[in-house]
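K.L.:
Those protein sequence lines, which keep their order, are chains A and B. Under this note's numbering, think of the first position of the first sequence as 1, with each following residue one higher. Under this note's numbering, think of the first position of the second sequence as 1001, with each following residue one higher.
It should be emphasised that the hints constitute simulated quantities derived from the structure, not laboratory data. No residue lacks a Cβ here, since even glycine has one placed at the ideal position from N, Cα and C. Each hint can be trusted.
List of simulated lysine to any residue pairs, SDA-like, C-alpha gap at most 25 Å: (1) B:K1161 <-> B:A1149; (2) A:K26 <-> B:D1115; (3) A:K73 <-> B:D1115; (4) A:K149 <-> A:D128; (5) A:K26 <-> B:I1010; (6) A:K73 <-> B:G1121; (7) A:K149 <-> B:P1031; (8) A:K229 <-> A:V75; (9) A:K26 <-> B:V1002; (10) B:K1161 <-> B:R1175; (11) A:K149 <-> B:T1111; (12) A:K73 <-> A:G43; (13) A:K201 <-> A:D77; (14) A:K22 <-> A:C41; (15) A:K149 <-> B:T1107; (16) A:K26 <-> B:Q1207; (17) A:K149 <-> B:Q1025; (18) A:K26 <-> B:A1005; (19) A:K26 <-> B:Q1210; (20) A:K149 <-> B:Y1127; (21) A:K34 <-> A:Q251; (22) A:K26 <-> B:G1214; (23) A:K22 <-> A:D77.
Residues from chain A shown here face chain B by an in silico Cβ test under 7 Å; the list is partial: (24) I64; (25) A90; (26) R93; (27) M98; (28) F100; (29) F117; (30) H122.
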Amino acid sequence: MTQTQQPATPQRAPEGLIRIEKVWKKFGGQHVLKGVHLHVCRGETLVIIGESGCGKSVLLKHIIGLLRPDRGKVVFDHIEISSTDELDLATVRRRFGMVFQLSALFDSMTVRENVAFGLHRHANYGEDRVSQIVSEKLRLVGMAGAEDKMPAELSGGMKKRVGIARAIALDPEVVLYDEPTTGLDPIMADVINELIIRVQKSQNTTSVVVTHDMKSAYKIGTRIAMLHKGKIVQVGTPEEIQNTDNPVVAQFIRGEARERIEESLA
Amino acid sequence: MVGAAGRFTIFTGQTFSGVTTEPPQARVIVPLMTEIGLRSVGVVLATGAFVGMVLAVQIYNQLHKMGAEASAGPIINLSIVAELGPVLAAIILAGRVGGAMAAELGTMKVTEQIDALRTLGADPVVYLVTPRFIACFLLVPILTLYSDAIGVLGGYVMSVKFYGISDHFYWEQTRQFLEMWDVFVGIAKSFFFGGAIGLICCYKGFQAEQGAEGVGRATTNAFVAAFITILVGNFFMSLFFNTLYNVIYA
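All chains should be built: construct the whole structure from the sequences, respecting the hints.
P.N.:
As structure tokens, this is what we get:
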């Protein structure tokens, strides 16, 4: 974990493994997504950035079918997620792993039971094989030996790492990360960044990461997409985003308040 | 209102389907049964005993004025077995167990654990609600029997040992007026109460809004909804069973 790793480049750029097409979503009277259009290529790490509350997590949950769009569609490898019923989605979700913002570990279960949960549901492995996979995944995230701990005994960073181990237990094709570095100290945040890159390279996964941590976005992202007021305003490589001439993107990546201070205090 | 009724109906259907499609494993349901059943015995016994005793105090004093205290036995025992035993046991469990279930599931909802279950291929209703529903459905009647037994004992101790009603008349009168039908009605009601507590409290937990306030509100709503359902359900079931009795034994 000490040596900085670089994210892998996409293997097949033009064809989107995940296609988000003109997705609209509103909660109550508020439109959160207003025709979002975005493709995720196989093997890449796409980072979605944007202000807090702009709908990044909502967008991520559409990809795995936890939310359904009011209009538009989400397609994963020719399967239309947005119109697939819940029963069939369970099979499709076998190909996904998701790391939640607050880790979402099952607090009545041990670390071992958390990581093994998906294996018991989806894979017909014996207990020995399950234990072997759990140990292997925990070792990959630097949590070897924590099998019998309860989530309440873990720090925030440790919970994130167990959350990652749980998400990759079934060797998914796609891993979704919701704010993976939020609430962590800078060193632990970097550990998580390294881990995301390590997982992507070792498992050859496609990753979609939602964050507003620009240091993390530059480090792990193959491409970065900015969500603003319900729409994607720019997609590009980290270099393109850093050199953007879009004023909204420029303001966000530089963390400048400008007129927003008046808006937020009004 | 119509939307909420529709959502609750679908939720109930999903819970029932889980009973047949994915019956809960022993390692899931045994701890729930311990929590719902075993750990509720003490509070159910304490409540049942005092309800039986206070009923005896009130009924004896009223009947004593009319010189009919020997009739205390059937009145006390019928009240306990057909009405108070099942209703009070259910209300206690709605507060103790139902509130805890709503809070637990509400917390799982707001910390995204329910979403995590879905991403890992589990149906949260089947995985979380079906075992709780089964545990409540099976254990509330058993706890009601405990409540009935201790209530009858409490009423007996006060009536016979404290107020000095004849032991023989007390049981003889009870035997004449209390039928197995009344015991059956009490137990039948308690199955309904158990199922209602499980379904309503889990549903309210699943509906929890964000944050600690949302979980707190869900917990309160769960108890209030279960409490009202128990009282209203008891009224209509009493009417129904009385009508049924008249039809059968007419």
